[in-house]
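S.K.: These protein sequence lines map, in sequence, to chains D and A.
All letters in the first sequence, in the order written, are residues 1 to 509 by the working numbering.
All letters in the second sequence, in the order written, are residues 510 to 718 by the working numbering.
Be careful, since some hints might not be right.
Covered by chain D, per the in silico footprint, the following chain A stretches (three or more residues, Cβ under 8 Å) [what the hints assert, rightly or not]:
(1) 578 to 585
(2) 595 to 605
Okay, the calculated beta carbon distance ranges per label pair [as the list claims (entries may be wrong)]:
(3) A:THR519 <-> D:ARG417: 33 to 43 Å
(4) A:PRO612 <-> D:PRO267: 22 to 32 Å
(5) A:THR519 <-> D:LEU408: 50 to 60 Å
(6) D:VAL22 <-> A:PRO599: 35 to 45 Å
(7) A:GLN629 <-> D:LEU170: 48 to 58 Å
(8) A:PRO612 <-> D:VAL412: 47 to 57 Å
(9) D:VAL341 <-> A:PRO577: 53 to 63 Å
(10) A:GLY546 <-> D:TRP62: 53 to 63 Å
(11) A:ARG617 <-> D:LEU170: 30 to 40 Å
(12) A:ASP561 <-> D:GLN302: 55 to 65 Å
(13) D:TRP263 <-> A:ASP561: 36 to 46 Å
Stretches of chain D that chain A covers, calculated by requiring three or more beta carbons in the stretch to come under 8 Å of a beta carbon on chain A [to be verified]:
(14) 70 to 81
(15) 306 to 318
Hint data in this document are derived by calculation from the structure and do not stem from the laboratory.
Predicted model, so just to flag it, every value in this text is computed and none were measured.
Just so it is clear, CB atoms sit at the ideal spot from N, CA and C, and this is done for glycine as well.
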Amino acid sequence: MGRLLQQRWQWPWHGWRLTVLVVLLLPWAALVFDALKVDPHDWMGLSIPLGGRLRLLAQSMWLALASALLSTGVGAVVAVAAWPLGHRLRTGMVWALLAFSAVPPYIHALVWSRALDITGWWGAMWAQSAWFGPLAIALGLAGLDSVDTLSFDAARLHHSAWRSFVRVVLPACGPFLLASVAVCFALAMLDFTVPSLFNVEVYSLDLFSELGATPHHGRVVWMSLPLLALTATACWLLWRTIRILPVGRTGSALPRRSIEGPWWFYPIRVVGSTIAVCWLVVPAFALVVLAGSPARFLASVQGGYRELGTSIAVSTMASVVSVAAAYPWSRELDRPGVRGVVAWTLVWIPLVLPPSLVAVAMVVVWNRPAFEPLTGGIGILVLAAVQRFAPVGALVLWAARRQRDRALIDAVLVHQRSPLHGWWHVRVRWAWTGWVAAAALVLALSVGELGASLVVAPPGHGTITMRMYNYLHAGALDSVAGTGLLMWAWTLGAGLIAGIAMRRAGGAA
Amino acid sequence: MIRLEGVTKTLGSQRVLDGLSFEVRSGEHLVIEGPSGSGKTTLLRMVAGLEDVDRGSVWLDGQEVSKPGFSLAPHLRSIGFAFQAPALWPHMTVRQHLDFAGPRCDARQRDDLVQGLGLQPFLTKVPHQLSGGEARRVALARAMISQPRRLLLDEAFSHLDEESKKSMLAFVIDRVRSWGTTMLFVTHDSSEAERVAGTTLRLRRGGAA
């Protein structure tokens, strides 16, 4: 009887899963179809960058690698400096930093272009590093926190604290540092907003311009292959890494002493910590200064209230729809075999493709009279955000579920009166923190979304990010500082909610 | 020789050890017993230099190694320590554990430990490929590989089956005697305590009973 009930309850899930699969896969299928329509003789020429395109790709790689390495390096140095802090404080720092990392890149670009008054490659590299900084520091801290303090103590009985740290702690948290480099590299390769604001040409910006210039989107798909190969490699590294990351706490709650490193490490620690503080404090401080008086702040907000309303509506709807779409999907990520591989592939595709290409795929499928009622207004913006960030939601839900004790789930299966009874009385009570975390993170990312919105937004439905981007290009920084401050507070608030919810999800495990 | 003079330690708001004093002469064994939370592990960690003392001092072979505001680094104390948990290094094989913990250990000495503790079949394995009992043996080998002058065992045999426990304890006691190593041995098991055949220190909350 129980098995029959369980099977009957599977049908709605299957239906929903299939709907999500179709809606999310359709744009990719259309994109591939468009690409196949291109003359096969052009495939090689378009997908292998030569001359100017090769130079652009190399410049993008160099910029992305430099930003990823600088932010990860600073993250590692700060994590070492924070080693002796209490476990609760370190954990709190990780979640606060993750919340901070939701602040969109062009806010950092706005602040640093004004604060440093520099342009070009160095400015873009610095602003991108500042954008990744909080995430990299959080990953560094989480990495060191995952190391069993007792195993470090065991090493200290045989070698100096520094040698023990280098030989035992650093390799143990290596996967986190590798994950940090991979995710920062992939994000930097896809981002064109920061480089364009610093007048740096990058490959993703070239693709964006090409999309605007040609009606043959299939050609751009072929042109994006080198970028796709690089970001896919980074994401593959990330995937290999996060699947082996330790789950739950180890012996990290034991007290730790500060590590006396060699003389040359002291200046590195000071410089790294100073840079990290700058990355965290300067954006908030500069935005407050740039926003000026309360009257100017209000004027800035009033000027963009329509776009602000659109952004809030889009991000709220996108977060709800994304979590609903991601929930059945996240359960597939643990499946072995083909189903698991398909689920993971679906997660990675939107994360490794340039956002403008995602947007073109959306336009190809949804920009038809039949879908006008659904996608004519802000619906297409919501769909674009779901297409881009539902995979992030699925990853968060997957991570939250991994923190749960498998034995407790087995206990529910044994003692539940029906699957619905078990789901409502136990599983929902466990899962809600993960849902809140995923929704809040998608909300924060959606409100800052720009790359896809620029392409898909119908006339009269611009978002606040588009307004800011246009003003920044025109050099009117002060006019959008007020809205920037508001957005910063909004994303930080959503990120904090995500952090607190995830922490509760971990604590309940 | 290990000597503690009026050692006091507070963890959080709890005074774990309060003015504890004792002395173990070189080559002697001290069995430490006591209920959970009586400070047995903290005592061993202070002797090893992994915890500071709040008051009092710790002496090893006539040298003051710990006092408030000063602590000789653990690796300079010639101490082997097998913790309650194996605490192995996740990225190293068993062979690399022995190499890292005993870089100056000669091949004969290492072979003796590998044979005695039955490590030969899993020298190339990493910790997650080991069973609980195998990980314990590796932890013991790591603690003994450098022939330390002092060996601290914190319930190191508690998760082993009776047969393995007997043979391994016999091996450890034999080697420790032949090396003249001073041993502090924490256990809840009276049969283990009998086999070690040393002086017994019973801890209550805060000090010796």
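S.K.: Give a verdict on every hint.
M.R.: Structure-based check of each hint:
{"no.": "1", "hint": "578 to 585", "in the structure": "holds (count 3)"}
{"no.": "2", "hint": "595 to 605", "in the structure": "holds (count 5)"}
{"no.": "3", "hint": "A:THR519 <-> D:ARG417: 33 to 43 Å", "in the structure": "violated, 51 Å"}
{"no.": "4", "hint": "A:PRO612 <-> D:PRO267: 22 to 32 Å", "in the structure": "holds, 30 Å"}
{"no.": "5", "hint": "A:THR519 <-> D:LEU408: 50 to 60 Å", "in the structure": "violated, 36 Å"}
{"no.": "6", "hint": "D:VAL22 <-> A:PRO599: 35 to 45 Å", "in the structure": "holds, 42 Å"}
{"no.": "7", "hint": "A:GLN629 <-> D:LEU170: 48 to 58 Å", "in the structure": "violated, 30 Å"}
{"no.": "8", "hint": "A:PRO612 <-> D:VAL412: 47 to 57 Å", "in the structure": "holds, 51 Å"}
{"no.": "9", "hint": "D:VAL341 <-> A:PRO577: 53 to 63 Å", "in the structure": "holds, 59 Å"}
{"no.": "10", "hint": "A:GLY546 <-> D:TRP62: 53 to 63 Å", "in the structure": "holds, 57 Å"}
{"no.": "11", "hint": "A:ARG617 <-> D:LEU170: 30 to 40 Å", "in the structure": "holds, 33 Å"}
{"no.": "12", "hint": "A:ASP561 <-> D:GLN302: 55 to 65 Å", "in the structure": "holds, 59 Å"}
{"no.": "13", "hint": "D:TRP263 <-> A:ASP561: 36 to 46 Å", "in the structure": "violated, 24 Å"}
{"no.": "14", "hint": "70 to 81", "in the structure": "violated (count 0)"}
{"no.": "15", "hint": "306 to 318", "in the structure": "violated (count 0)"}
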